[in-house]
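Participant: Sequence:
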Amino acid sequence: MVHYRQVGQVPPKRHTQFRKPDGGLYYEELMGEEGFSSDSSLLYHAGVPSAIVDSQVWELPDLVTTPNHPLTPRHLRLHDLFDGDAAVAANVVEHRRLVLGNGDVRISYVVAEAVSPYYRNAIGDECVYIEKGSATVETVFGVLTAAEGDYVLIPRATTHRWLPGPDGVFAYCIEANSHIAPPKRYLSRYGQFLEHSPYCERDLVTPGSSFVVEGNDVEVLVKHRGHGAAGIVGSRMTYATHPFDVVGWDGCLYPYTFNVRDFEPITGRIHQPPPVHQVFEGNNFVICNFVPRKVDYHPLSVPVPYYHSNVDSDEVMFYCGGDYEARKGSGIGLGSISLHPGGYAHGPQPAAIEASLGAESFEELAVMVDTFRPLELGEGGSAVDDGAYAWTWSGRHLNS
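Residue numbers (my numbering): 1 to 400.
The hints are simulated quantities; they were obtained by calculation from the structure and are not laboratory data.
Just so you know, not all the hints are guaranteed correct.
[Said to hold, decoys possible] In silico lysine-lysine, DSS-like type, Cα no more than 27 Å apart, as pairs: (1) LYS20 to LYS184; (2) LYS132 to LYS328; (3) LYS328 to LYS294; (4) LYS294 to LYS132.
Required output: the full structure, derived from the provided sequences and hints.
Facilitator: See the structure below:
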């Protein structure tokens with residue numbers, strides 16, 4: 001983010017002596033993006049942030065992907081990935097199941113009730129959507145509270161851990177190989193949200209106070225670049241002092257939450273194209289959300305989408321609330337994902353078109369990811385593919 005924040009104690013001048021009550025120095029850490037040529041923050045630690053005492057291999061969950069070939073639209077039932085017993089033992093970090101992925105982004109899903117280990121993703125930013133439940137997210141910058149409908153944006157290399165609420169947390173995890181930020185067209189040249197943006201700075205919730213934790217020999221799971229599946233490997237790094245020993249920080253790089261209910265939908269007399277629903281962007285992908293809204297008000301409007309072929313991208317829709325009109329009759333429900341690959345024209349189920357005429361509003365909630373490189377199926381996606389969605393427009397399967 002480009003919006004300056006100061007939390008806790010910081011010295012009047014950066015890169016100068018900042019002493020503890022006992023006279024010793026605090027240790028300044030510059031956390032910066034793009035070779036220190038973009039957003040950054042300065043954090044002030046009680047201990048040396050580089051002091052590790054051990055490093056071991058962390059065996060990551062299965063990140064192997066399978067091409068979507070022959071080309072097929074898919075319906076994936078994410079709620080079938082975790083039953084009650086699995087959720088009790090699962091945590092948000094170690095038990096994500098990969099649903100879809102490519103060289104730019106990975107989409108995983110987890111239902112978790114256990115506290116996660118301390119974790120740092122050194123590959124890219126994470127955007128975690130809370131489908132149901134709640135969680136406290138402790139970070140090196142402070143504490144965030146996440147509830148249903150929240151996007152949790154965690155910058156690359158931010159040490160954090162997840163503490164699910166009493167009912168657990170259902171988390172839809174979007175992991176980038178890049179940074180994730182608001183779309184540039186919503187921002188001024190200096191980074192302020194513009195008037196046509198569907199949300200603004202007031203809607204972002206950031207850590208409100210410093211979060212000082214003491215401890216020794218603290219293990220942090222680190223996901224980083226290497227020669228594993230998708231070029232990703234894991235390490236268990238043990239730090240001499242607690243990573244959360246930060247008495248204060250300031251800058252423009254930090255985690256935050258944004259709730260989907262604060263997204264103001266853009267509507268019109270006729271059907272609006274998908275970019276009006278965009279909420280974030282990363283390298284070679286975008287994130288959109290479809291929220292409850294008034295629909296098209298031209299007297300001859302067709303409220304559901306027209307058939308469309310997004311020739312440059314694959315489209316992933318996660319259905320997480322309400323009643324999605326265009327998919328009626330397809331078998332898709334809450335907790336479903338639809339994958340419509342590039343090269344395939346898709347749109348509403350035929351009966352949904354006539355049924356939508358005259359509608360004044362849609363009560364639907366969905367998170368969409370469009371990728372500009374083809375997506376492949378992860379082990380989680382393959383496990384919950386319904387196998388029948390592709391044939392629902394025609395009503396028959398020619399190979400059966």
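Participant: Taking the hints in turn, state whether each one holds.
Facilitator: Consistency of the hints with the structure:
1. LYS20 to LYS184: Violated - the C-alpha atoms of LYS184 and LYS20 are around 41 Å apart, more than 27 Å.
2. LYS132 to LYS328: 23 Å, holds
3. LYS328 to LYS294: Holds. LYS328 to LYS294 sits at ~19 Å (cutoff 27 Å).
4. LYS294 to LYS132: 24 Å, holds
Against the hints set out earlier in the document, a violation occurs for number 1 only.
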